[in-house]
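In order, the protein sequence lines correspond to chains X and G.
Take the first sequence: its position 62, counted from the start at 1, is 208 in my numbering, and no numbers get skipped.
Take the second sequence: its position 170, counted from the start at 1, is 316 in my numbering, and no numbers get skipped.
If you are wondering where the hints come from, they were derived from the structure by calculation, not from laboratory data.
You can take every hint at face value.
Chain G is faced by these chain X residues, among others (derived, beta-carbon under 7 Å):
(1) I149
(2) I165
(3) D187
(4) A194
(5) D195
(6) I198
(7) V247
(8) E258
(9) I268
(10) D272
(11) N278
(12) I281
(13) T285
Computed list of lysine-lysine pairs in DSS-like fashion (alpha-carbon distance at most 25 Å, straight line):
(14) X:K439 / X:K427
(15) X:K324 / G:K275
(16) G:K437 / G:K426
(17) G:K404 / G:K324
(18) G:K246 / X:K151
(19) G:K324 / X:K275
(20) X:K160 / G:K246
(21) G:K291 / X:K292
Note that the structure is predicted; figures quoted are calculated from it, not measured.
Cβ atoms here follow ideal geometry from the backbone N, Cα and C, with glycine treated the same way.
Next come the chains, spelled out residue by residue.
Number of protein chains: 2
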Amino acid sequence: MEIDKIGEFGLIEKLRRKIGKRSNRIKLGPGDDCAVVTAPDHNMLITADTLIEDVHFELHYISPEMLGKKSIVVNLSDIAAMGGTPLYILISLGVPISTKVEFVEKLYLGFESMAKKYNCNIIGGDISKSINGLIISITVIGEVKKNLLIRRAGARIRDKIFVTGNLGNSAAGLEILKKSSPVKKNKMIEKHLSPKPRLEEGQILAEKIGVSAMIDLSDGLASDLKRICEESKCGARIYLNKIPLSYGLRRLKKSINKNILDYALFGGEDYELLFTIEEKKVPQLQKRWKKMKIPITNIGEILDKRHGIILVSHGGKEKTLSKRGYEHF
Amino acid sequence: MEIDKIGEFGLIEKLRRKIGKRSNRIKLGPGDDCAVVTAPDHNMLITADTLIEDVHFELHYISPEMLGKKSIVVNLSDIAAMGGTPLYILISLGVPISTKVEFVEKLYLGFESMAKKYNCNIIGGDISKSINGLIISITVIGEVKKNLLIRRAGARIRDKIFVTGNLGNSAAGLEILKKSSPVKKNKMIEKHLSPKPRLEEGQILAEKIGVSAMIDLSDGLASDLKRICEESKCGARIYLNKIPLSYGLRRLKKSINKNILDYALFGGEDYELLFTIEEKKVPQLQKRWKKMKIPITNIGEILDKRHGIILVSHGGKEKTLSKRGYEHF
Numbered sequence: 147m148e149i150d151k152i153g154e155f156g157l158i159e160k161l162r163r164k165i166g167k168r169s170n171r172i173k174l175g176p177g178d179d180c181a182v183v184t185a186p187d188h189n190m191l192i193t194a195d196t197l198i199e200d201v202h203f204e205l206h207y208i209s210p211e212m213l214g215k216k217s218i219v220v221n222l223s224d225i226a227a228m229g230g231t232p233l234y235i236l237i238s239l240g241v242p243i244s245t246k247v248e249f250v251e252k253l254y255l256g257f258e259s260m261a262k263k264y265n266c267n268i269i270g271g272d273i274s275k276s277i278n279g280l281i282i283s284i285t286v287i288g289e290v291k292k293n294l295l296i297r298r299a300g301a302r303i304r305d306k307i308f309v310t311g312n313l314g315n316s317a318a319g320l321e322i323l324k325k326s327s328p329v330k331k332n333k334m335i336e337k338h339l340s341p342k343p344r345l346e347e348g349q350i351l352a353e354k355i356g357v358s359a360m361i362d363l364s365d366g367l368a369s370d371l372k373r374i375c376e377e378s379k380c381g382a383r384i385y386l387n388k389i390p391l392s393y394g395l396r397r398l399k400k401s402i403n404k405n406i407l408d409y410a411l412f413g414g415e416d417y418e419l420l421f422t423i424e425e426k427k428v429p430q431l432q433k434r435w436k437k438m439k440i441p442i443t444n445i446g447e448i449l450d451k452r453h454g455i456i457l458v459s460h461g462g463k464e465k466t467l468s469k470r471g472y473e474h475f
Numbered sequence: 147m148e149i150d151k152i153g154e155f156g157l158i159e160k161l162r163r164k165i166g167k168r169s170n171r172i173k174l175g176p177g178d179d180c181a182v183v184t185a186p187d188h189n190m191l192i193t194a195d196t197l198i199e200d201v202h203f204e205l206h207y208i209s210p211e212m213l214g215k216k217s218i219v220v221n222l223s224d225i226a227a228m229g230g231t232p233l234y235i236l237i238s239l240g241v242p243i244s245t246k247v248e249f250v251e252k253l254y255l256g257f258e259s260m261a262k263k264y265n266c267n268i269i270g271g272d273i274s275k276s277i278n279g280l281i282i283s284i285t286v287i288g289e290v291k292k293n294l295l296i297r298r299a300g301a302r303i304r305d306k307i308f309v310t311g312n313l314g315n316s317a318a319g320l321e322i323l324k325k326s327s328p329v330k331k332n333k334m335i336e337k338h339l340s341p342k343p344r345l346e347e348g349q350i351l352a353e354k355i356g357v358s359a360m361i362d363l364s365d366g367l368a369s370d371l372k373r374i375c376e377e378s379k380c381g382a383r384i385y386l387n388k389i390p391l392s393y394g395l396r397r398l399k400k401s402i403n404k405n406i407l408d409y410a411l412f413g414g415e416d417y418e419l420l421f422t423i424e425e426k427k428v429p430q431l432q433k434r435w436k437k438m439k440i441p442i443t444n445i446g447e448i449l450d451k452r453h454g455i456i457l458v459s460h461g462g463k464e465k466t467l468s469k470r471g472y473e474h475f
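With these hints in hand, go ahead and build the complete structure from the sequences.
Encoded structure:
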């Protein structure tokens, strides 16, 4: 059977069943943003992600330093989604033999600048040659307080669904990058090339507020919300007119013949946080958030599982999100 | 400047200088088999390695299950070289879109069987598509007792140099695999396809004996000994007639027109341990080793740095190991 018949998530689900668990120090195995294992005073968070040239990035529109930064950020974003603090970074590179030393040095400038900015440390890794393109494989180890474990599997019926920041900018930015040349920089392009990990936001949501479930938006709202719903065994209702879209993206609507909500729903790579919270905690959340720079928006609520994921259009019409569009293997 | 002008190690050295250290929990950063960070009751060991199709393996001579096993073993071998115990494994895969689900399942059978055999756990990872070939990126986290830290940088002048097992089998096995078809299985091929991590041996050498420096032989004796010498700021003398070669490899000498010692010196992938030990501890080592299955062999001694690495031929003639042959980027 070909992989695209069952999709990336179908495959992961199949493989998860093959994996045994032989230690009660493992609080959370495969299937969340990070794995979680107990350490004497904290829980350890561990996450790994590989970026492959011409799959996850193209070198003609991203500089090596930006690419280095972004590779770190997409991993820190997984730590953010668990409310954790990043500590250690390992970097394995596969480098085409024709690569210039200066290119790799600039890549490392990017790695190190993000490590410095978020007060964590590159502690190891590996370089080998690659035949067909650059491969960047990163592992980040972080920690989170022992009693804090914000999983994907914590959403309950009637919980409110929130997101940080604006959605869809990154995917729109990528499309602009791919279509136009020369490219005039704008905030959507910047969001795609230089995303920020929502570490502070994730820590506050986990520690101060106690949200019920959280995930980082790496694959698009539809796909990532589906993961929350699957793990939490629930459904959800999303109000499309509440999805926060930037001014730039709303302006773009006029110049392209496309539903800009698709960028938010199916685009991915926003690295914002999607979280659910008990209704009674919402006032506390809103009060606490007044000091924060990045806005949060309530975009819907958790439903019983049988509803699936319902999208409510601007006119109030409801439709169930179909399987199509979730997965982009 | 092209990378092959300064070599893989030259590049790594350049990059190491770019990396800051912002935490005193880091006992050992980049440049050893594993990174070492303090945890309250143990030291944590962390290592990462990426295997790339047609660079590190070719799918026409290794089955997916064997490849899965070997990918885990090469990482466990780094844990062994620090005298540690492996605990957690993360696996990031880049999979060509045409790959069959059954292939990935068999790969996972291999991963999981090694995790089970060495009592550790696959706790996470990631799957994405790859355009040009299979990519297997693995991180292993282990632990080692707090007072045990066997580094590459511990060898002292007059220490004896030992290796476990036989050397050169893996490289000879690979050459047979590449040249002959159909292949008649032998122990060299088996060593190449199914290496074993010397975990028990590494733990005994670290805990019971207290060796001064240790590394796993992944790149060949010449290259890996050079790393010990560089990190320990010393030289070494190796007696070529003492390098342990298997019966199969010695027999091979008759059928090929090649210096079989080159397999041991420059071949790599034996995943045996190379260690140095204070001379006065050698009797204790030999006594303790009587119960062990895998033999150890004294192949030389540590010298002052100014000597470099000296190879002593069968006839007693000495020559300094030249730069050539160390690196195979």
